[in-house]
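**Q** Chain residues, written in single-letter form:
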Amino acid sequence: MSVPSVTGTLVQIVGAAAAGPLLIGWTRQVRAKLEGRQGAGVLQPYRDLRKQFGRQSIDPIGTTMVFAVAPSIMAATTLMAAALVPLVTVISPADRIGDMFAVVGLLLLGTVSLVLAGLDTGTAFGGMGASRMTTILALVEPTLLVAVFALSIPAGSTNLAGMVANAARRGDLVLSPTGALAVIALLIVVLAETGRLPFDNPTTHLELTMVHEAMILEYSGPRLAILEWSSGVRLLVLTGLCANLILPWGIERGTGSVLSLCVATAAIALKVGVLNGLVASFEVVVAKVRLFKVPELLAGSFLIGLLAVTASYFVGSQGR
Amino acid sequence: MNHIDLIIPVIAPLLAAAISLSVGWRTVTKWANSLAAVTILGTGLLFAFGTRSRHVELFGGLLRSDPLSSLLLIAIGAVGSLVTVSSVDYIERELSVGATDRSDARQYATLVPLFLTTMVLVVLSNNLGLIWIAIEATTITTAFLVGHHRTRLSLEATWKYVVICSFGITLAFLGTVLLYFASVHSGSSPADALNLNTLVRRAGRMDKTVTRLAMGMLLIGFGTKAGLFPFHTWLADAHSQAPAPISGLMSGILLSVAFTVVLRLKVVGDAALGVGYVRNSLLIVGIATLTIAVSLMVSQRDLKRLLAYSSLEQMGFIAVASAAGTELAFVGVLMVIVGNALAKTVLFIASGQLQSIRHSTLLEDLNGVMESSRLLGVSMMIGLVGLVGLPPFALFVGELSIARAMVNANLVLPLLVTLLLLLVGFVSLIRHLGGMLLGPRTADEATWKARPSVYVALTLGLSASLFVGLVGSPFSNLVSSAAAVVAR
Amino acid sequence: MTDLQSRPVEAHRKEPRGSRPLLVGTSTILVGGLSIVLGIAAMSGGIASVSISWLLPFSGLQFSADSTSGLFLLMNGAVGIAVGTYSIGYYRHSHSGTFSLMMLPLFLLTVIAVLLAGSVTTLLLMWELMAVSSMLLLLTEYRKKEVRDAAQWYGALTQLGFLAILVGTLIMSGGSAGVFSTLAITSHHLSESLRDLVFVLTFIGFGSKAGLVPLHVWLPRAHAEAPGPVSAVMSAVMAAMGIYGIMRVDLELLGHGPRWWGVVALSVGAVSALYGALQASVATDLKRLLGYSTTENMGIVVLAIGMSMLLGGYGQYELAAVALVAGTYQLLAHAAFKTLTFLAAGAVHSATGLRNLDLMGGLAKRLPVTSSMFAVGALGASGLPLGAGFVGEWLLLQSLIHSHFGSSAPLEFAIPVAVGVLALTTGLGTAAVVKAYGVGFLARPRSKGAESATEVGLPMLAGMAVAAVGCLAVAIAPALFNGVLTSLMTVLYRGVSVSPPRLGAILSIPGFAGSTSPILLAGSTVILVVLAQVAISSFGKTNRLPNRDANLWACGNGILGERMQYTATSFAEPLQRVFDNVLKPEVGIEVTHYDESHYLVERVRYSRTIVDSIEDRIYRPVLRGFLWGANLVRVFHSGRISRYLALGAAGLFVVLVVSH
Amino acid sequence: MSASEFTTLLDLVASVLLLSSVIIVWRRDYGAMIKLLAVQGVAVGGIPLVSGIYLKDLQLVVVGMMVILLRGGVLPWVLSRRLADETAGSRETKPLVNTTSALFVTALLVMVGYLVTHPMLRRASTPETRAIPAAFAVILIGVFLLVSRKRALSQGIGFLVMDNGIDAVAFLATLGVPAIIEIGASFDLLLVLAILVILTGRMHAKFKDTDLDALSELRD
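Protein chains in written order, with the working numbering: chain B, 1 to 320; chain R, 1 to 488; chain X, 1 to 660; chain S, 1 to 220.
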């Protein structure tokens with residue numbers, strides 16, 4: 001466990017934790033501009049967080065520990081993911097602790113805790129959000145795993161560092177049939193997982209359409225702040241992962257110098273920024289699909305992932 | 001050396017019958033009947049485990065005793081003892097409610113030991129003609145036992161019983177005649193041309209076509225009494241209308257006794273015609289019998305008919321099993337016979353108790369047995385476990401041995417078919433009997449009390465089956481050597 | 001799913017019943033202890049083979065044990081101890097018969113005997129004894145119709161399975177008593193087609209015990225209707241015996257077979273896993289849900305075994321070992337978490353009289369310990385990290401990902417499908433346990449029974465605690481099982497030297513990249529959660545405002561009623577809609593019109609019941625076919641003597657014709 | 001007795017056997033049927049009697065006398081006792097097969113009898129064995145009667161015809177089975193017939209009819 005590798009990991013964690021809200025602000029700002037609005041500025045999420053943290057915590061009557069702990073689990077799993085996903089460096093010591101399955105599982109664990117919190121309130125909204133979220137997550141997971149599977153075959157490993165390193169080494173992974181298909185599938189899933197359009201509208205409070213917001217309707221104060229912050233970090237981590245799989249350029253690959261770390265950080269910031277800008281623009285032009293259309297979308301992405309795997313067997317078999 | 005003791009098991013029940021006929025239904029009658037049955041059991045045990053040679057003959061080979069006949073004597077004696085003991089309670093109960101009168105009781109007490117005599121004679125005869133006479137005599141002695149109740153239904157059952165059985169048995173006589181013809185023409189002396197040993201010895205030289213015809217007639221003819229297709233149609237009616245102890249005797253042992261005749265004939269047939277003919281006949285007849293039995297069990301509504309068809313099922317099963325023809329197969333067959341005899345007798349005795357309380361044999365009327373009498377319910381439950389071939393009872397050992405033998409004889413396909421049919425029977429039995437025993441009670445009545453003698457009979461029957469199924473020697477040695485008698 | 005009416009709380013009806021539960025519980029614990037001792041002895045190779053010729057006439061008994069038996073013995077023992085402790089408390093309240101009570105330790109004894117069986121005939125006898133004793137256990141509350149129905153289904157399918165095993169193993173042994181040690185050699189001399197037949201038959205037979213689709217139909221019924229401790233042993237121990245059989249006969253004794261064996265096992269496992277998970281995710285009866293989850297998990301195990309067979313067939317023994325370890329580990333995990341969840345479900349039933357999730361709710365407050373126990377078990381069942389089910393699934397995915405089947409294109413397609421199926425299974429399984437815990441234990445009570453529940457007694461809690469410790473051990477300390485699994489490999493892969501996956505603090509597979517560390521994941525996550533909690537509460541502190549209780553948001557409509565909560569049915573509705581084509585729910589719409597006019601509707605009644613569609617599609621037609629055939633025979637037997645005589649005459653003619 | 005006389009006598013016996021059976025199928029009047037049955041019984045007994053005289057075998061003569069007594073006398077007498085109590089009419093009113101078809105079937109059965117017994121003739125062709133086909137046809141006609149008649153009494157008659165046929169086969173093929181067996185079998189037959197007659201009586205008392213179609217309450 002060398003100093004540079006530990007530094008890289010720490011940079012990742014701290015950076016992700018710090019920049020999560022910024023990313024939310026950025027996407028909102030992009031949307032506002034594209035919709036012809038002024039927008040609240042990219043730093044608005046930080047201001048929101050400060051306000052929320054200053055508020056009094058409220059325990060809704062009848063809720064249990066689950067409700068109280070869920071935000072913390074959400075935050076903890078998100079941070080774990082930030083540590084495990086190679087955003088800045090591929091030589092992280094955390095890499096051996098958990099591979100892609102662990103990351104997927106951890107994120108799922110966070111979502112599950114939120115679902116339970118939604119059920120714990122015993123309101124119709126909480127139950128509704130929980131039920132819808134459960135349906136989505138049950139369907140998201142296969143797609144996610146198949147996409148990961150596709151990408152891990154050329155890399156020969158399910159550890160993310162290995163996958164990203166492989167992408168960096170090959171350079172043209174995203175252009176190969178496997179890579180392209182897998183990344184498309186992965187992107188669709190990330191949108192679903194992070195509650196973006198067309199799966200969930202992150203800004204809605206209409207009971208007919210909301211999913212994520214319905215579950216956290218009873219939260220307020222510091223707990224809500226933690227939740228909002230976590231979802232920002234999540235978005236960052238997942239889009240960052242996608243970005244690095246598509247364009248692994250600039251990532252730290254073991255030289256260990258301060259310069260290369262800085263370059264890597266800048267690169268990932270740029271990549272995430274651009275990617276999310278694209279996502280935001282995409283969100284402007286699409287509408288949320290009906291809840292019962294969601295499975296179709298996910299089935300489609302599952303199929304794409306499956307094709308990616310098959311392609312990887314036939315195309316990638318010479319490479320192994 | 002003259003083994004005059006061979007006629008003891010024939011004489012003892014005859015004496016009992018004479019006593020019953022002369023004095024009617026009295027205490028001495030009851031004792032005499034039970035004693036006669038116990039004597040059969042005792043002589044059976046003596047022949048089987050005594051010090052002298054196990055193969056002996058009497059009257060120039062007319063009667064003989066070998067391990068197979070000893071085993072069957074034991075079975076007849078055991079079932080007979082259980083039945084005669086429980087008959088006491090049965091008849092007393094009927095007398096007390098006026099369901100029967102004293103003259104019918106006398107008839108009953110006379111015919112039961114006569115029936116035992118005829119079965120013993122079948123088992124001990126070594127002459128096909130004598131066997132035929134004895135088998136036909138079982139029909140004669142049981143006709144009025146089946147018709148004991150003199151109701152319209154029992155009359156119907158008796159008529160069918162007598163006509164169908166006589167028809168079938170008459171064909172067996174034709175077969176006997178034809179075999180005699182073949183035997184005489186192969187050089188046997190007319191006096192012992194029908195002696196089974198002679199038949200086996202001469203089999204090679206007998207005319208094939210005539211023998212085939214004769215064997216066919218004999219199989220379906222004696223198969224009648226064993227409840228085999230196509231003459232199985234009398235069975236359920238007779239068993240369901242007969243008084244419960246008689247059903248127990250018929251279902252538990254008469255069928256098996258008749259079946260061992262088929263087994264002994266199989267030896268002759270195999271020697272004369274090669275293994276194919278009898279084997280295929282047994283397979284066809286056995287599977288047909290099984291199919292019919294389980295089909296009629298599926299939606300059966302009458303307890304005694306259900307039990308009767310279960311006997312039919314067992315007969316079909318052992319017919320198929322006999323096709324394998326090895327010693328292990330016959331070991332299995334004999335274990336099935338023993339296990340079925342004990343379990344079936346217990347269940348029939350218990351169902352007699354149920355019938356006398358609820359005045360019905362319909363399953364829907366006999367619900368909630370466990371609730372009404374824990375002891376009766378539990379013994380029927382164990383009887384059921386023993387009947388469907390679950391361990392640790394004798395039938396399980398039988399099924400296991402049969403499966404082994406049939407695999408060994410490359411009869412995997414018939415085995416699979418048979419087992420699937422048995423599965424249908426299994427499901428029907430646990431469905432109907434399970435529901436009857438465990439289901440809720442609709443009748444409003446106090447807890448039942450039966451006589452201790454009934455419980456003694458039930459307990460003895462079950463423990464015997466458990467012992468036979470679990471522990472090996474000395475009983476298993478007897479079964480092995482009995483199987484060796486008819487094995488190739 | 002079916003009984004929406006609340007059952008009266010029968011649990012408290014009977015008075016405590018003296019020392020008998022204590023006796024039963026203690027003897028169960030003792031049998032469990034015996035099993036563990038035997039297991040350890042077998043593991044260390046210390047059990048000499050014994051043969052008893054005077055029992056079981058004509059076949060004799062033969063006992064021996066190796067590490068495969070040892071592993072299952074240990075598992076059986078551990079479950080026995082947990083269940084034994086639990087049942088001391090449970091039977092004190094239950095109204096079950098004394099007879100079936102006594103069967104609990106006997107049942108475990110028969111399981112031990114199955115595991116020690118050293119010949120085909122011994123195995124068959126013990127297997128059937130196990131079936132009988134489990135049947136009697138299942139019939140504990142025989143007065144209920146559902147229990148009798150469940151017993152019927154169980155009886156029929158277990159007997160079907162037994163017959164398949166009977167024929168299969170006997171073909172393998174060539175009709176002999178079949179001592180295992182010689183069979184392993186002689187079975188290779190069988191012809192190809194016979195070996196195939198053996199495989200198919202034994203796979204069917206053992207699969208029915210493991211509850212694999214389509215022979216699973218007994219399982220949700222039986223597991224739902226049996227008392228809590230019985231469901232626990234049936235699911236954790238008896239279902240695993242099906243896997244034991246597959247391992248013992250199909251892997252060890254039969255040895256390598258053609259590749260399609262592996263494909264069959266793989267497919268059956270995948271279908272079972274998916275179907276079980278799907279049914280579990282829409283079930284509303286808690287124990288039925290857990291029952292389907294057994295099918296799901298056994299499916300995963302068989303999938304792993306199939307994968308192992310396939311990999312072995314392609315000579316990739318390292319990965320084959322990984323797959324086999326994955327399956328075995330999943331089996332261990334299943335034993336731990338399913339014991340726990342069934343015991344907790346039994347505790348809930350005993351405290352509330354409820355099994356229907358739609359009527360539960362609010363139990364986390366009323367049964368705090370039971371609820372957290374259930375949560376631990378449910379986490380294990382979900383397959384998420386930190387839970388008991390994670391390690392097994394991780395290993396299985398690894399073996400899938402690294403497998404490579406050269407030229408076989410169909411397999412190249414099959415593997416990603418298997419991954420997808422596994423993932424979908426995990427997703428649905430997670431949905432199922434989220435529903436079970438979220439709807440059943442959280443929020444507010446939906447019925448009187450749930451409202452008045454009080455925590456169960458100490459023995460039951462202790463029993464659950466034992467199982468919970470097992471769950472934790474499986475979840476975070478796979479290193480504990482390293483030795484056990486390694487020795488298992490040596491038995492099942494005789495003659496092939498493989499290095500099994502290393503299950504240390506970090507899991508890794510020799511020769512392949514990829515690792516994960518359950519213990520570090522769990523540790524750091526827990527630390528982070530604690531830190532986050534501290535952060536939240538310290539922010540609250542700086543403002544010096546204490547937490548405030550507040551009413552739930554009811555759209556300004558006053559207080560929320562219990563009826564406004566989501567139920568298990570409504571929770572699963574979207575999923576059910578997605579899988580409509582598979583589940584085929586029965587929908588009934590009943591419209592009542594006003595008498596005056598047909599155009600005015602007074603009331604519309606809508607009902608939607610989920611039935612087991614396999615039961616509906618496969619079993620009902622088969623049963624109908626049987627009944628139809630039986631009816632033909634019945635109609636022929638019309639009671640007319642002339643017809644009977646004609647039948648006999650026809651027989652006579654056949655004889656006449658055949659004889660020529 | 002010369003060999004040709006013996007052959008003629010046996011041929012006569014065979015003709016009587018066959019003819020009586022055919023007429024039994026033809027007739028529906030019980031009285032006539034029973035008389036024919038008695039004739040048939042005498043014919044069956046005639047076989048050992050004739051053979052005994054021809055072979056100068058006293059035992060066969062005795063057996064023949066006994067058979068004539070039993071089948072020609074006792075059994076028909078038992079049946080006719082029953083007939084006397086019959087009030088539902090002394091005719092088989094509604095057989096399952098009408099007379100024309102029945103006769104046609106009988107013709108077929110005679111042919112079958114010849115075909116079946118063909119191998120026995122091949123084996124040993126003596127005057128006795130040449131008559132076997134006729135006896136065999138009688139058996140089959142008996143079976144046919146048993147199956148096609150619906151009244152209790154006519155089933156008894158059919159049964160007896162069949163048994164006569166078998167006994168005839170026995171005597172023709174082998175000059176009879178050993179005496180002890182012949183006696184036992186005859187005794188059995190007598191008892192069975194007695195039982196049938198008693199049962200017919202009871203049936204009559206219960207049902208006021210002996211139509212066997214009424215006997216179909218026992219079924220599943």
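Please keep in mind that the hints were generated in silico from the structure rather than gathered at the bench. There may be inaccurate statements among the hints.
FRET-style restraints, in silico, Cβ to Cβ [to be verified]: (1) Arg617/X <-> Gly300/B: 35 to 43 Å; (2) Leu416/R <-> Val289/B: 28 to 36 Å; (3) Phe626/X <-> Pro440/R: 22 to 30 Å; (4) Arg290/B <-> Ser372/X: 35 to 43 Å.
Below, simulated SDA-like cross-link-like pairs (lysine to any residue); rule was C-alpha separation at most 20 Å, straight line [said to hold, decoys possible]: (5) Lys584/X <-> Phe292/B; (6) Lys150/S <-> Lys584/X; (7) Lys145/X <-> Glu364/R; (8) Lys144/X <-> Arg64/R; (9) Lys145/X <-> Ser372/R; (10) Lys51/B <-> Ser642/X; (11) Lys365/X <-> Pro295/B; (12) Lys150/S <-> Ser642/X; (13) Lys145/X <-> Thr151/R; (14) Lys208/S <-> Glu92/S; (15) Lys206/S <-> Ser538/X; (16) Lys208/R <-> Arg91/S; (17) Lys293/B <-> Asn581/X; (18) Lys144/X <-> Thr151/R; (19) Lys33/B <-> Ala287/B; (20) Lys208/R <-> Leu656/X; (21) Lys150/S <-> Ala649/X; (22) Lys145/X <-> Arg301/R; (23) Lys144/X <-> Leu363/R; (24) Lys584/X <-> Ala287/B; (25) Lys94/S <-> Ala646/X; (26) Lys144/X <-> Asp365/R; (27) Lys206/S <-> Ala99/R; (28) Lys293/B <-> Val582/X; (29) Lys145/X <-> Ser299/R; (30) Lys145/X <-> Gly435/R; (31) Lys51/B <-> Asn547/X; (32) Lys150/S <-> Arg91/S; (33) Lys293/B <-> Lys144/X; (34) Lys293/B <-> Arg577/X.
Using N, Cα and C, we set each Cβ at its ideal position, and we do this for glycine too.
**Q** If a hint holds in the structure, say so; if it does not, say that too.
**A** Tested hints:
1. In this structure, Arg617/X and Gly300/B break the distance hint of 35 to 43 Å, their C-beta atoms being roughly 28 Å apart.
2. For Leu416/R and Val289/B, the Cβ-Cβ distance of about 53 Å falls outside the hinted range of 28 to 36 Å, so the restraint is violated.
3. For Phe626/X paired with Pro440/R, a C-beta distance near 27 Å keeps the hint of 22 to 30 Å intact.
4. Take Arg290/B and Ser372/X: their Cβ atoms lie about 38 Å apart, and the range 35 to 43 Å holds.
5. A hinted pair counts as satisfied when its Cα atoms are at most 20 Å apart, and Lys584/X with Phe292/B qualifies at roughly 17 Å.
6. Only pairs whose Cα atoms come within 20 Å are accepted, and Lys150/S paired with Lys584/X is rejected, the gap being roughly 55 Å.
7. A hinted pair counts as satisfied when its Cα atoms are at most 20 Å apart, and Lys145/X with Glu364/R qualifies at roughly 15 Å.
8. Pair hint Lys144/X plus Arg64/R does not hold up; C-alpha atoms about 56 Å apart against a cutoff of 20 Å.
9. For a cut-off of 20 Å, the pair hint linking Lys145/X to Ser372/R stands: about 18 Å separates their Cα positions.
10. Pair hint Lys51/B plus Ser642/X does not hold up; C-alpha atoms about 98 Å apart against a cutoff of 20 Å.
11. For the given pair, Lys365/X sits about 35 Å from Pro295/B by alpha-carbon distance, which is inconsistent with the 20 Å threshold.
12. Between Lys150/S and Ser642/X the alpha-carbon distance is near 7 Å, which keeps this suggested pair within the 20 Å criterion.
13. Restraint check: the Cα-Cα separation between Lys145/X and Thr151/R comes to about 36 Å, which exceeds 20 Å; the hinted pair is violated.
14. With a CA separation close to 15 Å, the supplied pair Lys208/S and Glu92/S stays within the 20 Å bound.
15. Taken as a hint, the Lys206/S and Ser538/X pair is broken in the structure, with Cα atoms around 100 Å apart against an allowance of 20 Å.
16. For the hint pairing Lys208/R with Arg91/S, the CA-to-CA distance comes to about 44 Å; that exceeds 20 Å, so the pair is violated.
17. Of the pairs offered as hints, the one joining Lys293/B and Asn581/X holds, with about 15 Å between alpha carbons and a cut-off of 20 Å not exceeded.
18. With a C-alpha separation of about 38 Å, the suggested pairing of Lys144/X with Thr151/R is violated against the 20 Å cut-off.
19. For the suggested pair Lys33/B and Ala287/B, the alpha carbons sit about 18 Å apart, so the restraint of at most 20 Å is met.
20. With a CA separation close to 14 Å, the supplied pair Lys208/R and Leu656/X stays within the 20 Å bound.
21. Using a Cα cut-off of 20 Å, the hinted pair Lys150/S and Ala649/X holds, with the two alpha carbons roughly 15 Å apart.
22. In summary, the hint linking Lys145/X to Arg301/R is supported, as the alpha carbons are separated by about 19 Å, within the 20 Å threshold.
23. Taking the CA atoms of Lys144/X and Leu363/R, the gap is near 18 Å; set against the 20 Å cutoff, the hint holds.
24. At roughly 31 Å between alpha-carbon atoms, Lys584/X and Ala287/B are farther apart than 20 Å, so this suggested pair is violated.
25. Of the supplied pair hints, the one linking Lys94/S and Ala646/X holds, its CA atoms being roughly 17 Å apart against a limit of 20 Å.
26. Proposed proximity of Lys144/X and Asp365/R is supported: the alpha carbons are some 19 Å apart, at most 20 Å.
27. Taking the CA atoms of Lys206/S and Ala99/R, the gap is about 17 Å. The hint holds against a cut of 20 Å.
28. As the CA atoms of Lys293/B and Val582/X are separated by approximately 18 Å, the hinted pair is consistent with the 20 Å bound.
29. For the proposed pair Lys145/X and Ser299/R, the alpha carbon gap of about 19 Å is at most 20 Å, so the pair holds.
30. As the CA atoms of Lys145/X and Gly435/R are separated by approximately 9 Å, the hinted pair is consistent with the 20 Å bound.
31. For the proposed pair Lys51/B and Asn547/X, the alpha carbon gap of about 16 Å is at most 20 Å, so the pair holds.
32. Pair hint Lys150/S plus Arg91/S holds up; C-alpha atoms about 11 Å apart against a cutoff of 20 Å.
33. The hinted pair formed by Lys293/B and Lys144/X fails the criterion: a straight-line CA distance of about 43 Å is larger than 20 Å.
34. This hinted pair checks out: Lys293/B and Arg577/X have alpha carbons roughly 11 Å apart, not beyond 20 Å.
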